[in-house]
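Heads up: the sequence shown is residues -22 to -1, 1 to 593, going by mature numbering (1 follows the signal peptide of the UniProt record, and there is no 0).
Hint data in this document are derived by calculation from the structure and do not stem from the laboratory.
Treat each hint with caution, since some may be false.
Stated by the list, open to error - Quick list of the computed label-pair ranges, beta carbon to beta carbon:
{"id": "1", "residue 1": "158", "residue 2": "193", "range": "34 to 42 Å"}
{"id": "2", "residue 1": "251", "residue 2": "146", "range": "47 to 55 Å"}
{"id": "3", "residue 1": "221", "residue 2": "572", "range": "31 to 39 Å"}
{"id": "4", "residue 1": "253", "residue 2": "592", "range": "25 to 33 Å"}
{"id": "5", "residue 1": "558", "residue 2": "158", "range": "13 to 21 Å"}
{"id": "6", "residue 1": "17", "residue 2": "441", "range": "25 to 33 Å"}
{"id": "7", "residue 1": "146", "residue 2": "471", "range": "27 to 35 Å"}
{"id": "8", "residue 1": "193", "residue 2": "280", "range": "13 to 21 Å"}
{"id": "9", "residue 1": "402", "residue 2": "158", "range": "39 to 47 Å"}
Model, not experiment: these values are computed from the prediction.
Think of the CB as a built atom: it goes at the ideal place given N, C-alpha and C, for glycine as much as any other residue.
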Amino acid sequence: MKQKFMLWFMVLWCFLGFSAFAQEEPVKIKEIVVTASRVEEPASEVASATTVLTSKELKEKGIINVVDALREVPGVQIVQTGAFGGLTTPFVRGGGNGQALVMIDGVPVWDPAAPAVGDLAAFLPHLPIEQIDRIEIVRGPQSVLYGPTAMTGVINIITKKGKGKPKIRVFSEGGSYSSFREGAEFLGETKHLKYNLNYMRLDSSGISKATGFPERDGQRFHNFSGNVEGKIGKIKIGTSVNYNSAAKDLDGWDFATSTTTDALGYKEESDLVSVKSYFEHEILPSWRQKLVFSYTNTDRDYTKPYEGHYDGRLYYISWQNNLEFEPFTFITGVDYQRETAAEGSGIEGKNFDHISWFGEGILRWKGLYFSSGIRYYHHETAGDKVTCRIASAYIFPTKTKIHASYGTGFRAPSLYQIHAEFYGMKIGNPDLKPEKSEGYDVGVTQGFFDGKIEADITYFSNWFDNLIIYDLEEWKYQNVATAHTEGIEFTLNTRPVSWLRLSANYTWLNAIDTTNNTWLPRRPMHKGSGTIVFLFKDKADFGLTGTYFGKRFNSQNNKDSLGGYFTVNLSARYYPTSYLTLNLRFQNLFDREYEEVKGYNGLPFMAFLGAELKW
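Working from the sequences, and respecting the hints, build out all of it.
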């Protein structure tokens, strides 16, 4: 049944795409501005493998949170310990937990009290699309641009800013498993000021996170974000706030049998606060500088039987200067971070300070794009490190773009990995060394039919050394693993006519633990998705998305396997007036049973009906 539906889905995708060329004049794919080099650039010039997801496109697909958006990105795998708010880990190009940097508005956001540096597993499921303008995913080593946690890539979540006349939007949605979402937004701008306030809440009774149990593990969360930006002459000053409060039921783990188990009353309550302030000044037409201050606090409480309290705080200061002398652009700056664990199991009162200098040069000349950069990094415990990166692209008159990049990266051990205790037993290891990596990619982007279709194919390869794992024999963290990942990413996007948009992507991945010659756990060899969106001007739109996730192993020893699965999501929106939108969406339309982690349920079939008012 799964194979038959996948086949029919592919046939429908191809038929619609090619038959549409015989109809009205096409709508050419627009150039998208991204931030792949800490400066704005046209997507057509970027040498790094980059994907941009806009809020408009995500709404057309019926996607409501960041996690589901990332599932459809080539080279990115999402692993979640159960539906309805389970711990969530993004693997980029086969890398591990915390090796891809998550940012909100260009500022790193993670939990310093979590097991791995860069870990935002407790909060990633609760970031709603309603507050987001776009998500930029840059794949490949990016430590030169964004620091040591960007070993395999960067996920930059960019929130909305005020624009135009004051607008108000409210929405409500209800659906399966007593699930409800409500929210409101107020935004606009004046001559010198942009402003945006956004609130959203969600609650659901959910299903059991662990397989084989009847009780429901629900979740609820509240999310507030706001930003304001003032501009006078050539000076910009702005502040943004993101607050997330969540509570969810969890299930336990039986250490004797290594299986999930029901844990009645086991809950996690968490709060995340992220505050950013910035100052931008155009000193000269060729010289701009930006100063950023940010503070992130992540607070997590766990009830019995696995009681604990973790409070991590991250302080960040960045000073960046952009110098432009055509055809050259030079970027240089200093980043400072302090990681603090105010409370935790053996890590309370511990902190790290690290400071780094970075520099990058960019050349744009007659279709050629070339950049190179270096970062010198000093970490309080990991010592001094240097990372480098080069990237280049060339666009031929035929609209063929060849692109390639190479970079090195590293990640220092976390506070938890060095100092942690578990029920009085020391599991941290102060002798840990930083993880190291290097990687490259090379690819071709080609436009067809005067820009109606754009396709890209990219090969990548990464090597990892000194990987930190938890040694079950020694009962502590150790540097014992090396790994190699390689793969191919393919994307295809087209909007041949105004009423139709098609997109597809596929990733082939080979991810090997070269220490033990085993497959890295929870990384599928095959992954892909395809989307068909019908746009009926200002009357309605309809989206259908199919996603395939291949077979993979669940554990490091490759004894437990997880089956592949294919899911289908459907969404429809109807606009009876310019002020009112009615929406209907279905997730996992054919109720496919699956697990992303052994012993944890995937998302079942769910249906939602909602409405939105704006004026």
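Here is how each hint holds up against the structure:
1. Checking the proposed 34 to 42 Å range against residue 158 and residue 193 shows it is violated: the Cβ atoms sit about 20 Å from each other.
2. Separation of residue 251 from residue 146 is about 25 Å and departs from the stated range, judged on CB atoms against 47 to 55 Å.
3. The given range of 31 to 39 Å is respected by residue 221 and residue 572, whose C-beta atoms sit roughly 33 Å from each other.
4. A hinted range of 25 to 33 Å holds for the C-beta pair residue 253 and residue 592, which are about 28 Å apart.
5. Between residue 558 and residue 158 the beta carbon distance is about 19 Å. The supplied range of 13 to 21 Å therefore holds.
6. Our hint of 25 to 33 Å for residue 17 and residue 441 holds, since their Cβ atoms are close to 29 Å apart.
7. Distance hint for residue 146 and residue 471: a CB-CB separation of about 33 Å, consistent with the stated range 27 to 35 Å.
8. For the pair residue 193 and residue 280, the supplied restraint of 13 to 21 Å holds, since their beta-carbon distance comes to about 18 Å.
9. Taking the beta carbon of each, residue 402 and residue 158 are about 42 Å apart, inside 39 to 47 Å as hinted.
In this structure, the earlier hints numbered 1 and 2 are contradicted, and the remaining ones agree with it.
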